[in-house]
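Heads up: the sequence shown runs through residues 1 to 558, numbered per full-length UniProt numbering.
It is possible that some hints are incorrect.
[Stated by the list, open to error] Using C-beta positions, here's what the derived DEER-type ranges look like:
| no. | residue 1 | residue 2 | range |
| --- | --- | --- | --- |
| 1 | S351 | S206 | 31 to 39 Å |
| 2 | G204 | T97 | 23 to 31 Å |
| 3 | A90 | A384 | 37 to 45 Å |
| 4 | R352 | D452 | 28 to 36 Å |
| 5 | N479 | D113 | 52 to 60 Å |
| 6 | S472 | G512 | 24 to 32 Å |
| 7 | A221 | D368 | 54 to 62 Å |
| 8 | G512 | A380 | 40 to 48 Å |
[What the hints assert, rightly or not] Computed list of lysine-lysine pairs in DSS-like fashion (alpha-carbon distance at most 30 Å, straight line):
| no. | residue 1 | residue 2 |
| --- | --- | --- |
| 9 | K94 | K107 |
| 10 | K428 | K175 |
| 11 | K105 | K116 |
Rather than coming from a laboratory, the hints here were simulated on the basis of the structure. For every residue, glycine included, the Cβ atom is placed at its ideal position computed from N, Cα and C.
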Amino acid sequence: MSSIKTNVSAMAALQTLGSVTQQLTSTEKRVSSGLKVASASDNATYWSVATTMRSDRGATSAVADALGVASATVDTAYAGMTSVLDTLSAFKAKLVTAKEGSVDKSKVQDELDQLKQQVASVATSASFNGVNMLSYSQAANLKTTNSVTTSVPSAFVRSDDGTAVISDSDIDMTKTILFNTGGGGLLQSDSDALGLATLGSFSGGSIGAVAGHQDFNLTGAQTFGASDAVSFDLTLDASDASAGNSYSITIDRSVVTAALGAVANGRIANGQDMAAVLNKAFQLAGAPASSGGGTTSFEIATRHATGLAGSSVSTGNLVSSLSGGSGLGLENTPTASVQNVYPQVDFSFGSRFAVPEGQSFSFSFAIDGSSQQTISVDRATVDAALGTSANGIVSSADDMAAVLGAAGQQAGLLATASGGSVTLSGDKARYPTAGVGMTVSAPQKHTAGAIDFNFTDIDITTAGADVDYYISGLDAMQNRVTAAAALLGSLQSSIGVQSDFANTLMDSIDRGVGRLVDADMETESSKLAAQQTQQQLAVQSLSIANQAPQRLLSLFRG
Numbered sequence: 001m002s003s004i005k006t007n008v009s010a011m012a013a014l015q016t017l018g019s020v021t022q023q024l025t026s027t028e029k030r031v032s033s034g035l036k037v038a039s040a041s042d043n044a045t046y047w048s049v050a051t052t053m054r055s056d057r058g059a060t061s062a063v064a065d066a067l068g069v070a071s072a073t074v075d076t077a078y079a080g081m082t083s084v085l086d087t088l089s090a091f092k093a094k095l096v097t098a099k100e101g102s103v104d105k106s107k108v109q110d111e112l113d114q115l116k117q118q119v120a121s122v123a124t125s126a127s128f129n130g131v132n133m134l135s136y137s138q139a140a141n142l143k144t145t146n147s148v149t150t151s152v153p154s155a156f157v158r159s160d161d162g163t164a165v166i167s168d169s170d171i172d173m174t175k176t177i178l179f180n181t182g183g184g185g186l187l188q189s190d191s192d193a194l195g196l197a198t199l200g201s202f203s204g205g206s207i208g209a210v211a212g213h214q215d216f217n218l219t220g221a222q223t224f225g226a227s228d229a230v231s232f233d234l235t236l237d238a239s240d241a242s243a244g245n246s247y248s249i250t251i252d253r254s255v256v257t258a259a260l261g262a263v264a265n266g267r268i269a270n271g272q273d274m275a276a277v278l279n280k281a282f283q284l285a286g287a288p289a290s291s292g293g294g295t296t297s298f299e300i301a302t303r304h305a306t307g308l309a310g311s312s313v314s315t316g317n318l319v320s321s322l323s324g325g326s327g328l329g330l331e332n333t334p335t336a337s338v339q340n341v342y343p344q345v346d347f348s349f350g351s352r353f354a355v356p357e358g359q360s361f362s363f364s365f366a367i368d369g370s371s372q373q374t375i376s377v378d379r380a381t382v383d384a385a386l387g388t389s390a391n392g393i394v395s396s397a398d399d400m401a402a403v404l405g406a407a408g409q410q411a412g413l414l415a416t417a418s419g420g421s422v423t424l425s426g427d428k429a430r431y432p433t434a435g436v437g438m439t440v441s442a443p444q445k446h447t448a449g450a451i452d453f454n455f456t457d458i459d460i461t462t463a464g465a466d467v468d469y470y471i472s473g474l475d476a477m478q479n480r481v482t483a484a485a486a487l488l489g490s491l492q493s494s495i496g497v498q499s500d501f502a503n504t505l506m507d508s509i510d511r512g513v514g515r516l517v518d519a520d521m522e523t524e525s526s527k528l529a530a531q532q533t534q535q536q537l538a539v540q541s542l543s544i545a546n547q548a549p550q551r552l553l554s555l556f557r558g
């Protein structure tokens, strides 16, 4: 049915034209921008990921730029360090020349002074972006400072939870600084530092054997009749590891007479008598214990002859037929009881000190008369115990205990700290016997690698100047500078790797974002041509549909 009111064909053609035009507009947008996801409305998920990754790419680019600055800083320092090495070689050659008797040392010194100025000038000028890794102006000695660092960004990292972090790499400049205002540089004296001067007041010590014992007060003079007796059990050397050995001890008139003689007539008059009687009773019972006494008191002590690790004394099960049930004082609580004392040597920590590179100290200890065990502590020992950031510095009793404990671990030496004191003792697993003695020798300082002059102070014209000594010290300085140059070289390599990775990471991010949001231009070009053709056909279809009412009107014309 045809209608002049509703042109169904025109409506269909118009819808087709609108749809084709919309598709063509989207295609033209992708072609003009090169993006298939240009805004969140195109694909919210991909747009969000791409936006975040573009931000990360920008941060990584900033890290790469910072690495470039760091690389330039290290390159500058390395160039300065290699120049200094060359100058030091020339300097040493001049010192060797000065050993010849016919050489005018004053002229050689003039040349040395020029070389010293050259080294100082290189160290001062080896600066980039305000960072100088060869020269520093700190009032404190570098060897008393845990670290002097400069930081450079090394990576941009986004964790699984979405947190963004820029990680830094610290460069320890104490290992590269040649000159510092307060000393401690590679070309400066070691003697200005804390060094091994105090060792924290550690000076060794000893403690004698302390046998397990109990003290008693005699309860008054007692006279044993023919039928009187006092008996008790004596337990020796009980400890956590053993119940000890027990002995039945009996004191009667015969024992008193054997100990004091018939003249005593069975009477124990004082503590000395009691000790003599106990020693006789121990002998008769085969108990490895001893006794000593005074006027009114006496002691029972172990003699460490049970073969057990403990060192203790205890009494029990006392039975007495004396008047009033007197046990001669053994029935009462001991006035003193010393049990299972393990040896230890204490000392108070005085002041912080440092263990420089190439220097060390050692001491020895012995427990229970064992052979001497020697313990050595060097810079590596300190840094291993306290962390590499310690730089060989021992600052407190806790630090000292950690260092000595780490150094003595294999030898069975323990070290603990309490307040400002350090306690040395034996590991019970290795030295299980209580009541023995311990000796700790005074520490020996080993400073063969120390340098006690500054490079800039070398003067071969002064009276008594030792050229060989200067050559030896300069050789040690050269070794330090060589190690510093090697460190800078490794830093160059590390920064180069990090920089290459940052650039590779940026390329990877670009590719990843491209896969998410970039338009396929070949496909879009084909779509564009097809959609333009579809648009033209839709326009023609609409034009034809719009002419239909005119054809209907022609039917009513005469």
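Cross-check of the supplied hints:
no., hint, result
1, S351 / S206: 31 to 39 Å, "24 Å, violated"
2, G204 / T97: 23 to 31 Å, "47 Å, violated"
3, A90 / A384: 37 to 45 Å, "38 Å, holds"
4, R352 / D452: 28 to 36 Å, "21 Å, violated"
5, N479 / D113: 52 to 60 Å, "23 Å, violated"
6, S472 / G512: 24 to 32 Å, "60 Å, violated"
7, A221 / D368: 54 to 62 Å, "40 Å, violated"
8, G512 / A380: 40 to 48 Å, "45 Å, holds"
9, K94 / K107, "10 Å, holds"
10, K428 / K175, "41 Å, violated"
11, K105 / K116, "16 Å, holds"
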